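S.K.: If you want the building blocks of each chain, they are given just below.
There are 4 protein chains.
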Amino acid sequence: MIKASVIGATGYVGAELARLLHGHPGVEIVSLSSKNYAGQKFGELYPGHPCGSFVLDTIDIPNIAQKSDVVFTALPHGASCETVIELDKFDIRIIDMSGDFRYDDINIYEKWYGVEHKSEKLLKEAVYGLSELYREQIAGAKITANPGCYTTCAILSLYPLLENNLIEIGSIVIDAKSGVTGAGRGLSEAVHFCEVDESFKAYKVTGHRHTSEIEQELGKAANEDIIVDFTPHLLPIKRGILETIYAKHKSGVTDEEIASAYAKYSSEPFVTVLEKGKMPEIKSVTGSNSVICGYTINKRTNSLIVVSVIDNLIKGAGGQAVQNMNIMFGLDESAGLCAGAWYL
Amino acid sequence: MIKASVIGATGYVGAELARLLHGHPGVEIVSLSSKNYAGQKFGELYPGHPCGSFVLDTIDIPNIAQKSDVVFTALPHGASCETVIELDKFDIRIIDMSGDFRYDDINIYEKWYGVEHKSEKLLKEAVYGLSELYREQIAGAKITANPGCYTTCAILSLYPLLENNLIEIGSIVIDAKSGVTGAGRGLSEAVHFCEVDESFKAYKVTGHRHTSEIEQELGKAANEDIIVDFTPHLLPIKRGILETIYAKHKSGVTDEEIASAYAKYSSEPFVTVLEKGKMPEIKSVTGSNSVICGYTINKRTNSLIVVSVIDNLIKGAGGQAVQNMNIMFGLDESAGLCAGAWYL
Amino acid sequence: MIKASVIGATGYVGAELARLLHGHPGVEIVSLSSKNYAGQKFGELYPGHPCGSFVLDTIDIPNIAQKSDVVFTALPHGASCETVIELDKFDIRIIDMSGDFRYDDINIYEKWYGVEHKSEKLLKEAVYGLSELYREQIAGAKITANPGCYTTCAILSLYPLLENNLIEIGSIVIDAKSGVTGAGRGLSEAVHFCEVDESFKAYKVTGHRHTSEIEQELGKAANEDIIVDFTPHLLPIKRGILETIYAKHKSGVTDEEIASAYAKYSSEPFVTVLEKGKMPEIKSVTGSNSVICGYTINKRTNSLIVVSVIDNLIKGAGGQAVQNMNIMFGLDESAGLCAGAWYL
Amino acid sequence: MIKASVIGATGYVGAELARLLHGHPGVEIVSLSSKNYAGQKFGELYPGHPCGSFVLDTIDIPNIAQKSDVVFTALPHGASCETVIELDKFDIRIIDMSGDFRYDDINIYEKWYGVEHKSEKLLKEAVYGLSELYREQIAGAKITANPGCYTTCAILSLYPLLENNLIEIGSIVIDAKSGVTGAGRGLSEAVHFCEVDESFKAYKVTGHRHTSEIEQELGKAANEDIIVDFTPHLLPIKRGILETIYAKHKSGVTDEEIASAYAKYSSEPFVTVLEKGKMPEIKSVTGSNSVICGYTINKRTNSLIVVSVIDNLIKGAGGQAVQNMNIMFGLDESAGLCAGAWYL
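Residue numbers (the working numbering), protein chains in the order written: chain A, 22 to 365; chain B, 22 to 365; chain C, 22 to 365; chain D, 22 to 365.
There's no promise every hint is true.
Pairs count within a copy or across copies, as identical chains cannot be separated in the list.
[Said to hold, decoys possible] With a cut-off of at most 25 Å between alpha-carbon atoms, the simulated SDA-like pairs for lysine to any residue come out as follows:
| no. | residue 1 | residue 2 |
| --- | --- | --- |
| 1 | Lys241 | Asn84 |
| 2 | Lys271 | Ile164 |
| 3 | Lys271 | Ser140 |
| 4 | Lys299 | Glu65 |
| 5 | Lys285 | Glu184 |
| 6 | Lys62 | Arg206 |
| 7 | Lys271 | Arg206 |
I should point out that these hints are in silico values taken from the structure, not numbers from a laboratory.
All values derive from a computational prediction rather than experimental measurement.
With the hints as extra help, turn the sequences into a complete structure.
M.R.: Structure (structure tokens):
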């Protein structure tokens with residue numbers, strides 16, 4: 022059994038990760054820790070949660086590290102970096118859920134996050150944990166930087182198209198919509214039920230940090246710099262992301278070329294590409310680690326339109342973290358991730 | 022592996038049952054059948070559902086029975102009765118989700134359902150499948166009549182109080198609230214999103230069929246006839262039931278006596294009774310087979326107030342059906358039912 | 022034109038009151054004031070609100086009083102009391118939205134609110150503003166204590182039944198459900214979208230302050246002390262209250278007697294009593310100042326069941342305050358309150 | 022008083038139009054008619070609606086026309102056309118809510134609607150009722166073709182930019198999200214509460230009819246043919262549209278030029294353009310006839326991003342119809358449309 026710990030277990034990402042780890046047949050949770058709730062039972066915050074009987078640990082890093090094979094850090098950026106630096110001193114594997122280790126270029130990180138990075142060395146060593154793209158590197162990583170939620174959905178949707186040179190790189194628009202768990206458990210007027218319910222809004226237009234993470238990875242696919250329009254919106258639901266992606270296709274691109282590009286995912290356990298013209302809904306992935314992509318071509322505008330969905334807390338956070346753990350420890354990549362969508 | 026079939030798999034109860042059976046380590050689903058959708062893939066109706074790749078069978082009873090160890094019937098009442106009569110000719114176990122086999126007295130059934138019952142013999146043979154109360158009889162049953170959703174929640178809440186003579190039998194009020202999946206997948210104005218969203222209503226006041234089922238079982242607990250006020254309401258959510266139950270307690274009843282009555286459930290895997298004064302929420306059971314009960318005493322009015330929650334599709338339908346199957350086949354009663362609440 | 026001011030205009034009750042006053046043909050709003058947001062435009066907090074262009078005043082009582090004919094105080098209890106004491110020094114009319122002036126007996130107030138009352142004199146002078154019951158006294162009041170939301174719905178539903186001696190006074194159960202605006206604009210985990218959405222809970226079981234207000238008024242109807250079971254619940258919607266009320270009817274009570282008791286409201290502009298057996302929904306009052314009551318008799322249990330709905334922000338707060346202002350200033354009682362339900 | 026009738030009053034558009042007309046100080050409703058519900062009270066379908074006491078008429082066109090100054094047709098396309106042809110024989114004004122009279126080119130209509138148009142003559146005579154753009158023509162129109170909901174939002178957002186040659190015409194992407202009332206009152210699985218709630222989807226990708234209406238009007242603004250990518254999505258809310266619009270701006274375009282283009286609306290009562298960088302939310306227009314537009318420039322991609330919101334039932338349907346009626350009858354254009362957003 023892999024001994025796993027979650028630091029920062031009481032946020033929404035940490036709590037969902039703990040739920041998935043609890044259901045994993047090859048994992049024993051050895052510590053759930055929290056800065057603010059140490060000493061309380063997890064079930065006081067999350068009644069009915071399968072980890073309800075756990076008593077939350079303080080964030081005592083040596084203590085946690087010594088009893089763990091793998092530690093997941095589900096902390097705000099910055100705090101996560103400092104914690105990972107400490108954890109790295111131990112002979113354990115680390116999966117970080119923050120943005121702190123996702124970047125190739127420290128300057129990009131510092132520009133978009135507005136803070137200094139405390140360890141360029143570890144930033145270089147960490148592997149970007151988009152499981153479908155970096156499986157081999159993840160297998161050997163000491164530190165895996167789990168990708169952002171919006172970014173997972175966008176990158177998987179666009180990577181094959183760019184890799185195969187099927188779309189115009191200056192024309193990409195990513196219109197993204199997320200449920201409220203994506204905003205986290207912290208309190209603000211923006212998450213008051215009465216402010217969210219029966220409404221809808223765009224936020225951080227042109228300035229969301231995930232833009233830079235998407236651009237980094239798409240740039241690798243295209244083998245040249247990519248800049249995108251990325252607009253996040255807040256849906257009045259708890260879970261789920263749907264992204265509607267627009268790009269002009271290259272002249273003469275055929276349906277077969279697109280289908281062939283997406284065939285890259287044909288043996289992936291968690292990626293489904295629908296036949297041309299069929300589009301997915303969020304409820305088809307709620308509760309599962311799946312990505313579902315639909316696409317069509319607008320013959321009138323020469324646009325390729327891709328609609329993709331994930332559960333932001335699973336494939337967009339805790340589920341992909343478990344998938345990466347499976348890869349890092351040589352388990353079946355689907356272990357603990359077999360639940361389909363709840364649908365209802 | 023137990024070979025299991027679901028007849029009427031495309032309704033909400035059938036679909037959720039199929040999801041749970043799919044995740045059960047000791048079950049192989051051999052047939053999902055449907056009157057209206059035979060020949061279609063299950064995933065066309067429920068994209069992302071773990072049973073998505075199943076092709077729906079026609080409801081050919083001999084064919085289904087011959088390949089099954091257990092058949093679940095998730096059909097409207099009446100249709101269910103006819104199907105069970107046919108299934109009973111085969112050497113299989115049957116778990117019926119309708120109201121057709123839940124009654125001790127055929128007259129009560131016919132009065133509340135307004136139809137003639139087609140087999141008093143099987144009605145007598147069938148066992149009422151409230152797992153916590155009738156475990157031994159269920160173990161040996163050929164036909165288990167899975168209880169109603171409202172009724173499961175009400176009976177488990179009140180049984181220990183009546184069994185121990187702690188409340189006045191003429192004073193029971195059950196104010197019940199359910200999510201919309203309880204109304205099923207059929208179309209009507211009453212389930213149009215715009216009619217349900219941001220609203221709330223009572224329905225079938227004084228006339229809901231589950232009243233009679235509740236009264237039958239509570240009568241056994243009290244050893245005398247019980248009549249209750251039962252009012253169902255429709256919540257603008259998908260899943261979950263919360264019942265607020267009021268009864269005058271007998272004079273002189275102590276907290277200890279109540280706690281002692283509820284200790285009946287202390288070793289039950291799926292029933293939690295909170296300490297006096299703590300009350301559960303629906304989200305603490307959404308996705309799980311659990312029942313959570315809270316209670317308090319109003320010293321000013323001499324009322325005992327119980328608040329209980331279940332997931333109507335799980336403990337109120339598919340989950341209890343799986344629990345009953347586990348009992349009937351000698352499996353661990355919790356097999357396939359280990360998921361805690363999703364919470365988020 | 023009546024010159025009206027709202028002190029505490031940025032809470033949900035204040036904001037809705039301001040919206041209604043803005044649409045009132047006989048009112049000019051002269052001040053919207055706020056402790057925390059003075060100097061900001063109202064529209065920064067409530068974009069699109071008809072009062073969006075108002076700049077919020079500081080709570081300078083002499084200044085506000087001198088320019089007003091009527092001042093509405095929409096403040097937390099305690100703060101409201103202190104403000105009303107100051108306002109009372111001016112020759113203006115005051116409508117207080119808090120619980121501070123609703124009680125006949127200072128001891129009841131202090132027991133249920135847990136604070137000392139600062140002016141028994143004004144408490145005695147203030148008139149309880151349930152418009153349909155105290156129209157004459159309100160007309161002459163200097164201070165009107167606007168009733169609570171739950172209480173308005175409960176009292177109007179039960180008053181005629183008690184006044185006419187139709188129900189057993191020891192048997193009253195009020196099971197109340199409210200939208201989240203009832204919890205106010207303040208931040209807490211309890212109003213985080215992800216904690217409310219797709220869930221439902223009871224809260225303050227046996228201990229909600231409105232219990233005492235309901236009992237005070239029902240006692241007057243019955244001419245003897247009344248104690249009730251009152252349980253509030255939180256609905257995952259923004260607006261609206263539905264109360265399901267149970268009481269044993271007196272022996273021999275006829276349908277005609279009940280209808281006759283409710284005929285008390287036959288000329289009321291804002292109270293509709295449906296014919297026996299028909300039940301209202303919340304959406305039928307959302308956006309309007311109406312109360313709709315339905316009732317039926319359970320012949321099996323001898324219970325009378327009443328289901329009543331109001332919009333908690335209108336008839337339960339701002340709308341009734343405007344209705345009271347209309348009464349106090351001799352206007353048509355419906356002035357500014359003609360909007361029907363939005364329905365959609 | 023203008024005597025107004027609504028044919029097809031029981032659909033969501035008709036019902037909301039009736040609500041607005043009922044609150045209009047210069048209008049008397051003389052007939053609400055329905056194909057399916059004639060003879061029933063409007064309040065049986067819409068309890069609490071201000072028109073609840075109206076008895077629904079049969080659709081007897083001469084009878085309706087003879088007592089009306091203006092008739093609103095809120096029928097499905099095709100049926101609307103036939104009705105308008107009959108109404109046109111009378112000396113009345115007609116405001117049609119369907120797509121039947123919105124097109125300059127009958128071929129475009131027939132291509133996108135897939136049916137033959139029954140009166141090219143009336144199609145030519147009818148005026149496109151986008152109030153802000155065609156005020157003068159509407160004033161004199163016998164038949165006003167009320168615009169579509171998505172189209173109103175898109176055209177008002179883009180018209181000034183195209184008119185002033187500020188954006189690249191081949192680069193326009195309109196990502197539109199609508200509440201469920203936009204889908205109408207008809208029953209289908211797609212509007213079942215359990216299919217919509219907690220989910221989100223795109224629909225009719227590349228094929229929605231409003232595309233052609235948007236292109237027609239934007240083409241006039243640009244003085245050349247315009248083709249756009251338009252993708253509608255279904256939000257789990259009742260009311261409201263938000264459109265996120267992307268276009269590459271022309272080289273060298275300045276903030277001042279954009280602000281200057283939008284100054285076109287500076288004296289419009291129902292259009293607000295926020296200062297650069299501020300973005301609107303749906304709740305800021307729910308219940309009002311307003312359009313609110315926000316915009317920003319993405320300097321990295323040279324995209325201009327516009328986010329606009331309307332209430333689909335008001336500015337997107339009934340409200341704009343009333344605005345057009347006001348124009349046609351020489352009333353204050355805002356008469357009956359003064360309600361701000363409900364916000365809560």
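S.K.: Now look at each hint and say whether the structure bears it out.
M.R.: Verification of the supplied hints:
In this homomeric assembly, Lys241 and Asn84 never come within 25 Å of each other (Cα to Cα): the closest approach is 39 Å inside a single copy and 55 Å across copies. When the C-alpha separation of Lys271 and Ile164 is checked against a cutoff of 25 Å, the pair qualifies neither within a copy, at 38 Å, nor between copies, at 45 Å. In this assembly of identical chains, Lys271 and Ser140 lie within 25 Å of each other by CA distance neither inside one copy nor across copies; the values are 41 Å within and 42 Å between. In the homo-oligomer, the alpha carbons of Lys299 and Glu65 lie at most 25 Å apart only across protomers (11 Å), although the nearest pairing inside one protomer, at 43 Å, exceeds that limit.
Proximity of Lys285 to Glu184 under the C-alpha cut-off of 25 Å is restricted to the intra-copy arrangement: shortest distance 10 Å within a copy versus 44 Å between copies. Taking CA atoms no more than 25 Å apart as the test, Lys62 paired with Arg206 passes inside one copy only; the shortest distance there is 17 Å, against 29 Å between copies. Taking the shortest alpha-carbon separations for Lys271 and Arg206, neither the intra-copy value of 43 Å nor the inter-copy value of 42 Å comes in at or below 25 Å.
The structure fails hints 1, 2, 3 and 7 (numbered hints given earlier, in ascending order).
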